[in-house]
Each structure stands twice: as C-alpha cells, then as structure tokens.
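Novice: Residues per chain, in single letters:
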Amino acid sequence: MIPFIGCILLIVIGLYGIITKRNLIKIAIGFCMVEYGVNLLFAFIGFKKDALAPIITSPNSPLNFVDPIPQALVLTAIVIGLGTTAVMLSLIIRIYQKYKTLDINEIRKLKG
Amino acid sequence: MIEIYLLVIAMLAAAIVAIEIKDLLASAVSMGIVGFSVAIMFILVQAPDLAIVQIVVEILTVVFFAATILRTTHTDTTIQKGIQREGIFPVIAFFIFGTLVTVLAIYALKDLPRFGMPIMKVAEHYIVHGLNQTGATNIVAAIILDYRGYDTFGEAVVLFTSVLGVLTILRVKGRK
Amino acid sequence: MKGMSVIVKTISRILAGFIFLYGSYIILHGHLTPGGGFAGGVIIAASFILLVLSFGAAEIKEKSSYTFSSIFESLGGLMFLILALLGLFAGTFFFTNIISKGAPLKLLSAGIIPLANIAIGMKVGAGLLSIFLALAASHYIMKE
Numbered sequence: 105m106i107p108f109i110g111c112i113l114l115i116v117i118g119l120y121g122i123i124t125k126r127n128l129i130k131i132a133i134g135f136c137m138v139e140y141g142v143n144l145l146f147a148f149i150g151f152k153k154d155a156l157a158p159i160i161t162s163p164n165s166p167l168n169f170v171d172p173i174p175q176a177l178v179l180t181a182i183v184i185g186l187g188t189t190a191v192m193l194s195l196i197i198r199i200y201q202k203y204k205t206l207d208i209n210e211i212r213k214l215k216g
Numbered sequence: 005m006i007e008i009y010l011l012v013i014a015m016l017a018a019a020i021v022a023i024e025i026k027d028l029l030a031s032a033v034s035m036g037i038v039g040f041s042v043a044i045m046f047i048l049v050q051a052p053d054l055a056i057v058q059i060v061v062e063i064l065t066v067v068f069f070a071a072t073i074l075r076t077t078h079t080d081t082t083i084q085k086g087i088q089r090e091g092i093f094p095v096i097a098f099f100i101f102g103t104l105v106t107v108l109a110i111y112a113l114k115d116l117p118r119f120g121m122p123i124m125k126v127a128e129h130y131i132v133h134g135l136n137q138t139g140a141t142n143i144v145a146a147i148i149l150d151y152r153g154y155d156t157f158g159e160a161v162v163l164f165t166s167v168l169g170v171l172t173i174l175r176v177k178g179r180k
Numbered sequence: 147m148k149g150m151s152v153i154v155k156t157i158s159r160i161l162a163g164f165i166f167l168y169g170s171y172i173i174l175h176g177h178l179t180p181g182g183g184f185a186g187g188v189i190i191a192a193s194f195i196l197l198v199l200s201f202g203a204a205e206i207k208e209k210s211s212y213t214f215s216s217i218f219e220s221l222g223g224l225m226f227l228i229l230a231l232l233g234l235f236a237g238t239f240f241f242t243n244i245i246s247k248g249a250p251l252k253l254l255s256a257g258i259i260p261l262a263n264i265a266i267g268m269k270v271g272a273g274l275l276s277i278f279l280a281l282a283a284s285h286y287i288m289k290e
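Residue numbers (the working numbering), protein chains in the order written: chain B, 105 to 216; chain R, 5 to 180; chain D, 147 to 290.
To be clear, the hints were calculated from the coordinates, so they are not data collected in a lab. One should not assume that every hint holds.
[Stated by the list, open to error] In the DMTMM-like style, the derived pairs of lysine to aspartate or glutamate whose C-alpha atoms are separated by at most 25 Å in a straight line are:
no.: 1; chain 1: B; residue 1: Lys152; chain 2: R; residue 2: Glu7
no.: 2; chain 1: B; residue 1: Lys152; chain 2: R; residue 2: Asp27
no.: 3; chain 1: D; residue 1: Lys252; chain 2: R; residue 2: Glu24
no.: 4; chain 1: R; residue 1: Lys125; chain 2: R; residue 2: Asp115
no.: 5; chain 1: B; residue 1: Lys153; chain 2: R; residue 2: Asp115
no.: 6; chain 1: R; residue 1: Lys125; chain 2: R; residue 2: Asp155
no.: 7; chain 1: B; residue 1: Lys204; chain 2: R; residue 2: Glu128
no.: 8; chain 1: R; residue 1: Lys26; chain 2: B; residue 2: Glu210
no.: 9; chain 1: B; residue 1: Lys153; chain 2: R; residue 2: Glu128
no.: 10; chain 1: D; residue 1: Lys247; chain 2: R; residue 2: Asp27
no.: 11; chain 1: R; residue 1: Lys114; chain 2: R; residue 2: Asp27
no.: 12; chain 1: R; residue 1: Lys114; chain 2: R; residue 2: Glu128
no.: 13; chain 1: B; residue 1: Lys204; chain 2: R; residue 2: Glu24
no.: 14; chain 1: R; residue 1: Lys26; chain 2: R; residue 2: Asp115
no.: 15; chain 1: B; residue 1: Lys204; chain 2: R; residue 2: Asp27
[What the hints assert, rightly or not] With the C-beta cut set under 7 Å, the calculated list includes, among others, these residues of chain D facing chain R:
no.: 16; residue: Gly149
no.: 17; residue: Ser151
no.: 18; residue: Ala162
no.: 19; residue: Gly182
no.: 20; residue: Leu251
Here a beta-carbon is modelled for each residue, glycine too, at the ideal position from N, C-alpha and C.
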C-alpha cells in the first residue's frame, strides 16, 4: 500500500507545479512528474512477490512471472511522453522568442 | 522491500527540489534524479524492458530540457520573497484540487489488489500460450507487437504527429 | 552551440560506433531478451546526438540530415503498416502473425515480431533525432 501512496504523492507534487508555478519550464517539469507517477503506479500494480521478469529462458522452465500487461501498456506511454514533452518545449522556445520572458503573467499582460 | 521505500523517499525529495529551486538547469537535473529513481524501481519490480526504455528516455528528456534552457533563460524570475496578491488564487486552487485528487485516489486504492499479489486472469493466458502462439520468449514483446499490435500502431502515429508538430513550430521561415 | 575540446571529440568519435552497435543488438534481440524497438531506437538516436553535441551543431551545414531522418522515419512507419496489412492480404485479420514461427529461443523465430521491432526502431530513432536537431540546432541548420 505504501508504494502506491508514494506514486499518488508524486502525482500531487506534479499537480502543485502545474497549478501554482508561473514559469513555463516549471510547468513542463510538473507535467513530466505526473507522467512518471502514473507510469510507476502501473508498474507497481503488476508486481508479484517472488516472481521473475516475464522472459522465458528455457521451454520447460516454471511460469512464475510478474504481470506483463501493465508493462506492455507503460512501454508505449513512456515514448509518447517524450514526444509530447518535446512539443511543449518547442512551444516554450517560440514563446520566449516572441515575448522575451517565461513568466505567464507577463505574457498575459503583453497581450498576444 | 526497504529499498523501494528509500527510493520513493528520494524520488519525492528530488521532485520537490525540482519544482521549487530557482536555477532552471538545476531543476532539470533534479527531474533527471526522479526519472532515474523510477528506472531503478522498475528493475526492482522485475520490469527490465521498462527500465532500459526509461533510462535512455530520461537521458534524452534532460538533454531536451537543457537545450531549451540554453536557448531561453537560466533563472526562474517568478520566485519572489513574501506572498504576492496574485499568487493566492493558484494556491487555493491547488489545495482544493490536491485534496480532491488525494482523497479520490486513496478511495480508489482500496479496491486495488494489495502490493505484491496482482490479479492475473488475462495475463495467465498470455503467459501460458504466448510461446506457442507467437514464438517470442519475451512476453512483453509478444504482447506489444502481436496481441496488441494495434495499440503500438497508434503510438507510432502519435510519435509521427509530435515530430511533425515540433518541426512545424520551430521552422524559421514560413512557406510561401 | 560550438564544438568541445579535442579529447571529447576523439572519445565520442570512437564511442558512437559502439553505442550504435549496442542499439542494433537491442533491436534485433528484442523478441528474446529485454529491449526491443523502442529502447534500441532511442539508443541509436542517442549515438547520433552524442556526435552532434561533441562536434557542435555548426558542423551540420546542410539540411541533408533532416531529409535523411524524415526518410527513415517514414520508411519505418510504412514498413510497420505493411507488416500489419500482410495479415489482411493472407485472408486473416489485421496484425496476424502469418510468417512461420520457427524454433523458440533462436534469433530467426517469432514470425513478424523481429521485423516489426526493426520498423519501430527505425521510426523511433529517426523521429527523436529530428526532434533533437530541431530543438538544439534549428537556428544553425534552417537559416536559409
């Protein structure tokens, strides 16, 4: 139970960064935190005590494995997360080139 | 089990540092610490596929953040001493949303199986018949490329879209 | 972004080939050991990124690297789609594993899974490399 609560706390910390911070890069880092928390929660749900990684080493070995389905779901989500982070960062570069600041309040005042 | 608890504590501490520190480059490096602790925890819960992907993706994420920070600015100018008037509303909003998320998450965690003993009804079929039906000994590869290939195809489309988006946003001159 | 010192350049020139080799190994053995197209593709992209970071983005004078990476990414996506459609042409379902499975625990086994791993690896590696070039070096390359 405690590892699950750790993941939830990581998600809440990311939410804190997204809502209260005014710097655009801090907001992007908050999004990354939420993503790590969700990925880790999935991997923890599939864990089985005293089991092995889901890889068959010989045709007659015992099939005592952890749950492979959450791992398969998270594997694609990690790479998609990198892609969405890159889109966010390129938007940040463009905003900085136009307004010369990363503060979202200033950007709102400058009207764009 | 104790190592997972220690890593969770280290991860949460690095996350708070990454959100609160003034230097943005140090913030990106602290985010790297969070990602690498996640990778080590993936190894501890017997997910080597995820650990490999997480390590290399984390390296690239920190490189992307560093490239962005080098092209923009190093210091977070929004951090000031004392309480600002316009800073109160986001804090109140965070307390409402954060409490809501935490309460709902703990409510949902009650229905989950306990840590270390998952319910594996669907996975049982993949584990028992996976080698005969696909021929792959890595069951995760068998799932993502054979049983759930459509999911991977959608992921490839999303990645293609994000590459297109980055190249379009960062193009120097517009097309006539 | 300027290049780094001669020591860094020499070491990264030697190491980049080995990193590329390791990425290819991870991709080709994806159906037998941990790894696969995603991890191997990102490692291959990292080997090119190491070269760009150590030699400096000013060394890339032409837009040809963009052209190459976009060609490889499109090829990877197309190859994955064709592999999926093979099942339809053979009279069964989308994503059916129609090639022979072979003996387990051998490199040439598991039907379309190694081919799909290669396609995914090409796609992920080329895509992430072009994202990096756009983020870090676009003001050098895309001047004209």
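Novice: Each of the hints needs a verdict: does it hold here or not?
Specialist: Outcome of the hint check:
1. Lys152(B) / Glu7(R): Satisfied, since the Cα-Cα distance of roughly 16 Å is no more than 25 Å.
2. Lys152(B) / Asp27(R): violated (41 Å)
3. Lys252(D) / Glu24(R): violated (51 Å)
4. Lys125(R) / Asp115(R): holds (16 Å)
5. Lys153(B) / Asp115(R): holds (19 Å)
6. Lys125(R) / Asp155(R): The hint holds at about 20 Å.
7. Lys204(B) / Glu128(R): Roughly 56 Å between the alpha carbons, so the hint for Lys204(B) and Glu128(R) is violated.
8. Lys26(R) / Glu210(B): Judged against 25 Å, a Cα distance of about 18 Å means the pair holds.
9. Lys153(B) / Glu128(R): holds (16 Å)
10. Lys247(D) / Asp27(R): violated (54 Å)
11. Lys114(R) / Asp27(R): Between Lys114(R) and Asp27(R) the Cα gap is close to 40 Å, so the pair fails against 25 Å, i.e. violated.
12. Lys114(R) / Glu128(R): With a Cα-Cα distance of about 24 Å, the restraint between Lys114(R) and Glu128(R) holds, given a limit of 25 Å.
13. Lys204(B) / Glu24(R): holds (22 Å)
14. Lys26(R) / Asp115(R): violated (40 Å)
15. Lys204(B) / Asp27(R): holds (17 Å)
16. Gly149: For Gly149(D), the interface hint is violated, since the closest Cβ of chain R sits about 15 Å away, which is over 7 Å.
17. Ser151: At 18 Å from the nearest chain R Cβ, Ser151(D) fails the 7 Å test, so the hint is violated.
18. Ala162: Constraint on Ala162(D) not satisfied, violated at 15 Å.
19. Gly182: Nearest chain R Cβ about 5 Å off; hint holds.
20. Leu251: Holds: closest Cβ of chain R sits about 6 Å from Leu251(D), inside 7 Å.
In this structure, the hints that do not hold are numbers 2, 3, 7, 10, 11, 14, 16, 17 and 18, in rising order.
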